[in-house]
Amino acid sequence: MSDHTWGFRTRALHAGARPDPTTGARAVPIFQTSSYVFEDTDDAADLFALQKYGMIYSRLGNPTVSAFEERMASLDGALGAVAASSGHAAEFLAVTALAEAGDHIVSSSHLYGGTITMFSNTLARFGIETTFVDPTDVDGFAAAIRPETKLLFTETVGNPSGAIADIAALADVAHSNGLPLAIDSTFSTPALCRPVEWGADIVVHSATKFIGGHGTSLGGVVCEAGTFDWGSGRFPNMTEPVPTYNDLRWWDNFGEYSYLTKVRNDHLRDIGSTLAPMHAWLFLQGLETLDYRMAGHVANAQAVAAWLHEDSRVAWVNYAGLPSSPHHDLSNKYLPAGPGAVFTFGLNGGREAGSSFIESLELISHLANVGDAKTLILHPASTTHSQLSDEQMAAGSVTPDMVRISVGLEDLDDILYDLDHALETTHA
Amino acid sequence: MPEHEPIPGWEPPSAGERKRILDETRSIAIVGASSNPARASNFVATYLRSSSADYVVYLVNPRETEILGQPVYPSLQDLPEVPDMVDVFRRSEDLPPIAHDAVEIGAKSFWAQLGLWSNEAAQIASSAGLDVVMDRCTKIEHARFAGGLHLAGFDTGVISSRR
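Going line by line, the protein sequences match chains P and A.
Yeah, the first sequence ends on 427 if you go by numbering that gives the first Met the number 0, and it's all consecutive.
Yeah, the second sequence ends on 162 if you go by numbering that gives the first Met the number 0, and it's all consecutive.
Hint data in this document are derived by calculation from the structure and do not stem from the laboratory.
One thing to keep in mind: the hints can contain errors.
Short derived list, chain A residues pointing at chain P, Cβ under 8 Å [unchecked claim]: (1) S33; (2) S34; (3) L150; (4) D154.
DEER-style ranges, computed between Cβ atoms [to be verified]: (5) A:R161 - P:D269: 36 to 44 Å; (6) P:W306 - A:R19: 28 to 36 Å; (7) P:R8 - A:S50: 35 to 43 Å; (8) P:T9 - A:S50: 30 to 38 Å; (9) A:E2 - P:E147: 25 to 33 Å; (10) P:T226 - A:E65: 32 to 40 Å; (11) P:E390 - A:E16: 56 to 64 Å.
All values reported here derive from a predicted model rather than from experimental measurement.
Quick reminder that beta carbons are idealized off the backbone N, C-alpha and C, glycines included.
Excised from the complex, chain P in its bound form (with noise of 0.2 Å):
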């Protein structure tokens, strides 16, 4: 093999992707196969004890999701990566592959709220404690870390307040308490920032986004840099006798590859929370134009949040590309391209205004999700973020009057189009 350096795009077409061995195929296949016959006895033993690589029933691994996998690994700069049903088994399978009850995270309070859900009260069932604290105070992350915590967890674009997190000061305090940074990395996808180069250990993404890019599939994929010490003592489940497994132990046996190698054989086949092949291959052909579709998501969200941010019927743009932003030196940081096309507003009149707003939209769509092609908004305060105490919601910086937006690829004469339409109807 070449020793070149293959650059992004190139790595978004073919990383994960050698033609079918047997058939010549150029494209991925799509493996829809539940199970995988062995070649013997031996074989089969072999592969359930770990000591072969391959394929022996879906919920672990089929070909499809391997190639996405292999694929988002190499994009994210990550050592591999482990696919999931949606964003959430994700982050669920990467938080819970490491605490268990009695232990304690330390989490950003500006997550999109179906996070906070499952931290504050799914996680909290099962005897995990989540601290949460404000994502720009890398002070507070620190000061909440006990001899208990197990990672520290954050946005790289928080959801939806836009707060950029400043991911090498959490390195820092996480490395220097001897704990991993895990990130969801959703917004801003590895065509605008790649968080293990800055430190992260964990990064999570919601596929169901920018990655898939046309609002038509869930999956979600956790990757990891490789690169931190599992053999401090801190994580006895990765240092001690795995009983399943012949008493083998993920540190010892696997070293930098024992954290996705538990992910994937001890977690992932206990949930059950395993992509879809044919979604795979949808995030696949997502990801073949993934810097392509970034750059005009970007281009359309930098030029809306300027229109909206000189509008005198706007009372606030909160976007960090805007330099008014609070967020904008750290945008300027780690997100040099762009952070992302998804960002808040809000009218004057309030609430209400706001209400009358989104019903007045022709073009733009009033739903629940971000990432798509098509422009897409959102009233949080009444929808993902609804289920949230008004303390939570405060915390996430989550106000009444708050509109999401996602801007999509259209013409952006006409997304501007509808926007002035809905503000005319809305201030008439």
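Based on the hints, put chain A in the right spot on chain P.
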């Protein structure tokens, strides 16, 4: 892979060089072979002997006689043939004398497993013309190029339009 001090006269082999070393290898002596199925040496030996890799594997450990149904040899000098590769599962401080043995018997490569690193051993083996790899796993590196690592979701770095 953790950062290591540079070693004068030796560069860690690139991915392409590691593939060449494995491609040129037919027989591997595992020094420090264990009968415990949970130990990495046992694990790796099973893989290297399986249909995935299909190497001729010799097991070396003076305190064992049979592992995985195979005879175990007390030293590298006792093997029935000269192995192409000496693959070591011992502590880093034990590496230099094993590197001397690898040179003495005429092996083509000296490989120290994950977590092992010895400046002295690398210089002994590489100055005698052996290919040297350290802090890498033969199973993982073989699987990187043979497709197993890809199936497990890891980045192999392999980009190819060939079948």
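Now for the hints, and whether the structure bears them out:
no.	hint	in the structure
1	S33	11 Å, violated
2	S34	13 Å, violated
3	L150	5 Å, holds
4	D154	4 Å, holds
5	A:R161 - P:D269: 36 to 44 Å	38 Å, holds
6	P:W306 - A:R19: 28 to 36 Å	57 Å, violated
7	P:R8 - A:S50: 35 to 43 Å	37 Å, holds
8	P:T9 - A:S50: 30 to 38 Å	33 Å, holds
9	A:E2 - P:E147: 25 to 33 Å	29 Å, holds
10	P:T226 - A:E65: 32 to 40 Å	39 Å, holds
11	P:E390 - A:E16: 56 to 64 Å	58 Å, holds
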